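**Q** Now for the letters of each chain:
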Amino acid sequence: MVAYVVRRVLAVFPVMAVVVPFVFVLLRLAPGDPAAIIAGDYATPEAIAKIRTALGLDQPIHVQLGVYVASLARGDLGRSLHSRLPVSTLIAQRLEPTVALAVATLVFAVGLAVPLGVLAAWRAGTWVDRAVMVFAVGGFSIPVFWLGFLMIYGFSVRLDLLPVQGYAPLADGFGPFARHLLLPTVTLGLIYMALITRITRASVLEVLDADYVRTAHAKGQQPGRILFTHALKNAAVPIVTTIGVGLTLLISGVVITESVFALPGLGRLTADAVLQRDYSIIQGVTILSSAVYVLVNLLVDLCYLVLDPRIRY
Amino acid sequence: MACVALLAPHLSTVDPIEMKPAQRLRPPGAVHWFGTDMYGRDSYSRVVYGSRISLFVGLTVATVTSVVGLGLGVFAGFVRRLDATVMRAMDGIMALPDLLLAITFVALTGASVRNVVIALVIPQTPRVVRLVRSVVLSLREQPFVEASVALGAGVGRTVLRHVLPNTLAPLIVQGTYVCASAVLIEAALSFLGAGTPAEIPSWGNIMAEARAHVRVAFWLLLFPGLFLASTVLSINLLGDGLRDLLDPRLARRM
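Residue numbers (the numbering used here), protein chains in the order written: chain H, 1 to 313; chain E, 1 to 254.
None of these hints come from the bench; they were simulated from the model. Any given hint could be a false lead.
[Stated by the list, open to error] If the Cβ cut is set under 7 Å, some of the chain H residues that face chain E in the computed set are: (1) Val18; (2) Pro21; (3) Val63; (4) Val134; (5) Val137; (6) Ser141; (7) Trp146; (8) Gln221; (9) His230; (10) Val294; (11) Leu295.
[Claimed, not checked] What the simulated footprint calls covered on chain H by chain E, stretch by stretch (three residues with Cβ under 8 Å from a Cβ of chain E suffice, anywhere in the stretch; the number is not a length): (12) 84-91; (13) 99-106; (14) 241-253; (15) 268-276.
[Unchecked claim] Sample of chain E residues lacking proximity to chain H, with all beta carbon distances greater than 12 Å (derived): (16) Pro123; (17) Ser134; (18) Phe144; (19) Gly156.
Small disclaimer: the values here were computed from a predicted structure and weren't measured. Beta carbons are placed, not taken as given, at the ideal position from N, Cα and C, and that holds for glycine.
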């Protein structure tokens with residue numbers, strides 16, 4: 001088992017070894033010279049060349065990549081091409097709204113989706129099941145940004161219950177923080193919930209056919225206990241997998257939701273960086289979110305060992 | 001929805017890009033069914049024309065992704081030596097957040113329908129490759145494939161006659177899901193201003209323009225969103241239906 005854990009942890013490196021050069025080369029191949037943009041509209045060719053040398057952009061691309069990977073290994077994401085501030089500082093400044101939204105969404109979605117999915121599986125074939133499935137398929141088809149605006153229109157503009165847009169840091173008190181985060185969380189959570197509800201229902205449904213569930217019924221075990229201890233525990237592996245794989249959906253959703261609700265998070269940082277062709281920031285954010293994805297899926301894989309003692313590679 | 005897209009010129013009541021400054025931001029009514037936008041353009045006609053872009057992008061992305069994914073998947077499944085290389089590359093691309101990648105790509109290469117399609121194909125392909133490869137791997141252990149190889153059929157013939165037909169069913173099902181998510185992401189891209197150029201009406205950029213007028217002209221946002229959601233819903237339901245039809249074993253599991 002220790003060997004498996006070590007092997008699984010090492011498997012992170014080949015994936016990142018694809019991600020980093022891919023992002024790096026893609027950004028360098030794109031048209032548009034960052035040196036010319038920094039220098040401004042009236043710069044002389046000499047001035048542009050000077051900036052290019054200072055930034056190391058005149059080096060061959062594999063040399064630039066080498067320099068970048070070496071500094072990545074030291075935990076240095078480079079400096080913004082424009083503000084010259086370290087990318088890690090810029091990311092740290094914008095991290096709070098993004099992490100707050102992602103965590104709140106995850107808690108909201110998983111907290112509601114798992115019981116809903118179990119309920120649908122337990123009452124399979126009834127109107128309860130059908131209602132949950134309509135919600136699950138529908139939730140998967142609704143555009144996040146549209147739902148976001150419906151929410152803003154309904155709860156903020158019409159009913160005037162919640163703030164329209166913006167963000168209040170946690171440091172300024174929990175009340176305003178929660179009020180600003182509520183609509184974005186529900187918006188994004190409904191989409192993510194749809195995915196998890198569906199997979200929960202499917203895997204619980206499969207387990208409910210098993211012999212040990214019939215045995216539990218026969219010995220007079222209460223239905224609630226059967227559902228949550230016998231069925232859900234054995235159905236957990238696909239559910240946890242989906243939560244991990246669905247993380248890309250969540251990351252994309254966070255970018256859109258931040259834009260709709262005007263949250264000053266990483267999504268906005270990236271959108272601004274794209275407009276300014278600030279390669280270092282785009283690179284930093286993309287590589288960081290890939291790393292988060294890879295690490296979460298590593299944790300998911302390691303979770304299997306706990307969830308299902310039969311998995312012993 | 002496909003009919004709406006094909007018949008757009010006949011269904012729309014007025015020219016979708018014609019501007020009538022005198023009739024700005026009119027609510028829905030008899031003349032302008034879905035109202036008019038801030039330039040006095042007829043929202044209903046724009047929404048009808050918008051279906052063309054969405055369905056074109058969805059279908060093109062689904063087709064290109066399926067073809068590329070099928071090729072790479074069969075290759076990875078059959079050429080043992082390169083299997084690991086291809087799959088690690090696919091794992092790497094899958095680890096990139098699809099929307100971030102697409103925004104970056106479109107922003108750097110310029111907004112055009114072609115670039116949007118490329119930006120959507122890249123992150124979707126690994127999903128198809130993984131699916132095809134897993135099917136191919138299980139197929140090559142099947143008796144009828146082994147028999148074909150034993151009888152002296154070449155790799156080309158084996159793949160063409162025995163493997164490809166059996167990968168088609170899951171591939172078509174996966175293709176419909178790719179199509180649905182491509183339609184959604186295209187709209188999101190256009191909405192964020194990194195998708196279909198503003199002069200071509202698409203559901204995403206119609207809604208992007210509408211967001212500035214949510215308070216006074218809510219209908220501008222409501223209708224394209226309804227069309228978008230029902231299109232994606234129909235494609236998803238089509239996928240579910242096809243899956244139940246083509247593979248009854250999978251139907252139980254989902």
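**Q** Which of the stated hints cannot be reconciled with the structure, identified by number in ascending sequence?
**A** Of the numbered hints, 2, 3, 4, 8, 9, 11, 12, 13, 16 do not hold.
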